[in-house]
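K.L.:
So the protein sequences, as listed, match chains A and B. Anchor point for the first sequence: position 192 equals 191 in numbering that gives the first Met the number 0, and the numbering is continuous, going up by one each time. Anchor point for the second sequence: position 309 equals 308 in numbering that gives the first Met the number 0, and the numbering is continuous, going up by one each time.
The reader is advised that the hints may include incorrect statements.
A pair holds if it fits inside one copy or across any two, identical chains being indistinguishable in the list.
To be verified - No more than 25 Å apart at the CA atoms, straight line, and that leaves these computed lysine-lysine pairs for DSS-like: (1) K57 with K29; (2) K29 with K295; (3) K385 with K163; (4) K402 with K316; (5) K207 with K186; (6) K280 with K240; (7) K385 with K207; (8) K219 with K402.
Just so you know, the hints here were simulated from the structure itself, not pulled from any lab data.
Protein chains: 2
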Amino acid sequence: MLVVQKFGGTSVGDLDRIQNVANRVSTTKKDGNDVVVVVSAMSGETNKLVGYAEHFSKNPSRAEMDMLLSSGERVTASLLSIALGEMGHDVVAMTGRKAGIVTDNSHTKARIEEINPQAMHDALNDGKIVVVAGFQGVNASGDITTLGRGGSDLSAVAIAGALKADLCEIYTDVSGIYTTDPRIEPKAKKLESISYDEMLELASLGAKVLQNRSVEMAKKLNVNLVTRTSFSNEEGTLITKEENIMEAPLVSGIALDRNQARISLMGVKDRPGIASDIFNKLATAEVNVDMIIQNKAHDGATNIDFTVPVSELKDAKSVVDSFVQSGDIDADSYNEDICKVSVVGVGMKSHAGVAARAFLTMADNNININMISTSEIKVSMMIDEKYAELAVRSLHDAYELEK
Amino acid sequence: MLVVQKFGGTSVGDLDRIQNVANRVSTTKKDGNDVVVVVSAMSGETNKLVGYAEHFSKNPSRAEMDMLLSSGERVTASLLSIALGEMGHDVVAMTGRKAGIVTDNSHTKARIEEINPQAMHDALNDGKIVVVAGFQGVNASGDITTLGRGGSDLSAVAIAGALKADLCEIYTDVSGIYTTDPRIEPKAKKLESISYDEMLELASLGAKVLQNRSVEMAKKLNVNLVTRTSFSNEEGTLITKEENIMEAPLVSGIALDRNQARISLMGVKDRPGIASDIFNKLATAEVNVDMIIQNKAHDGATNIDFTVPVSELKDAKSVVDSFVQSGDIDADSYNEDICKVSVVGVGMKSHAGVAARAFLTMADNNININMISTSEIKVSMMIDEKYAELAVRSLHDAYELEK
């Protein structure tokens, strides 16, 4: 089997942990697998280097930042290779360039355009373990680029895709994907497997294990992803095609997103195109609007309610204020004490009544639902934040996820 | 003028010092010069990384060591570029690869084979300051290599040669080349200029400012080298062709080398080829023999005395012992309490009596000379170590070097 194993910053946080990683990789190799390892910088290193750069400039050149930051992953890759060499393995460390990772020219947030896996293929054919510095590539001019947040995961998935690896294991400090946050519902169960689409919904709803960029690429390249912990031998969670999951449960998980704010616009003027005006201006300001409700009050005035991430509230306010000042809106109000609780499951596609059960559960617990949004595999409800834990636990119970 | 400026580890030892370097480079640029800067890793970084590697292996793979160690210079180059960018300069940071430095395949001690300066030329033509990560290049396969000890100096000299720079300034923590070690003779004077050959003699005799590799390359490429300090604006010492030095003094400096040991072989058997046998075996054991004296004692037995660096004494002993065991030598003895004091000056070529004055000075001070070796521009005398300072000061006086 060809396995790509990716180890994040905490997994390679110090020399002893790097040795642990070497032991794990060694075992995988000795079990008869071909192994490509992708590593992040030792935890803290990237922040240290960013701090250094910020000592000199609040707005450092992005090409220079890439040359600076890419060094962290190279150090880890070299050290891990040395450790594996000492254990008797044939091993080669590769930079992003050597691994053939070609990106566009967007320094500090480059997109992978192509992988030329010849050097990796050659090394694997020679029986070598390949250790790749994650997070980095080169643009068409040969300059170093980095992939931005979660970039090493992305390196691993892209490499797994290019090599048609059987498995891409992402090692982090959490042991997999749970039916919900175990800090809220101790009965939360780790999932054996979950579909790409469910994972994407869960990730965008606050499950922080994997970034959507990586899951999307895994889906596109048909890479079997596993998230697991490097601190134990516990099995992780397989993220794969829906067809690969034998008996998909109705609901896979309950997600909670506390980082939402509600914006209420009262007395929106009744002229054509005003709503599209408002939401276009918000999009231009790079505000991500999530749920939207529009209704006509009894007095004939139109009200619009919508939610945005708390971090974008300030930008959203300044857009909205301009409409208030121009008289297009009578008044606005803001509420950060809300949250979004979501039920995610591919089973919804084929089973009616999943959403209804969610609403019923809220009603049974006297939780008022302020907004609802649904997709093919998800029902999201905006509720007052004080009910967050109650809602999560009740839904977890209602769908019998502890089983 | 096109200037290459190289800053060593202590000159870029922390963020404030990197800012100082940026200020100095900025001034050079603003004075109307084109500038290429070559930087070392921040002091301590390389040792830290070596320590990390040694945690995993006593004998780490050299290719991986190169990938590991080359990261230190990249960090400095990026940070310095960011600092210069913040000061309003157009600047580009380059790795060894980008700067076109191609080496042979000897990882961790590669030799520069070729420099393709196109990228540097282009950047300079665009008015940019070029900041190059020193100490590194790539081999023909495109793998990262490093140049070994003093490698950043070598990068700077090679770049200056390839670009036909007017000047190559090597910034260290000492302010230039002195007529002798100022800790021994406080009247020692900094030299304005010195020839390549004199510098080579002084360096091999213990003056630690520049490694011979760099001076040799400067001589070969006809690069005007200046060594100076980054901690003040004091002028440094120009190292250049003999013809460029207007009025060369008779003697440029007095060097002292304490790291010599004397080996005495008594009763060497009188058979043809025995001496060449001994010195061949020493060469095979990579022992660098310096001075040699052979004489016949009154009783007809042959004695051979020679000196080796103290660090190679152990290896030398085991070679010599094998000859004692085989009966080719009657006895051997060792003396580490010796030193070599040398008078260096191109003026010797054309002036008689320079060596004689050295011997006379020793005699005047009752210092016994054990061995003598001479070259066209140097007289070296092996003496008891207790006379080291007296000899240096007396010679410094005798040649009036304080003037």
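K.L.:
Look at each hint and say if it fits the structure.
P.N.:
The hints, checked one at a time:
| no. | hint | verdict |
| --- | --- | --- |
| 1 | K57 with K29 | between (48 Å within a copy, 23 Å between copies) |
| 2 | K29 with K295 | neither (68 Å within a copy, 67 Å between copies) |
| 3 | K385 with K163 | neither (47 Å within a copy, 72 Å between copies) |
| 4 | K402 with K316 | neither (44 Å within a copy, 77 Å between copies) |
| 5 | K207 with K186 | within (19 Å within a copy, 68 Å between copies) |
| 6 | K280 with K240 | neither (37 Å within a copy, 69 Å between copies) |
| 7 | K385 with K207 | within (22 Å within a copy, 71 Å between copies) |
| 8 | K219 with K402 | neither (31 Å within a copy, 78 Å between copies) |
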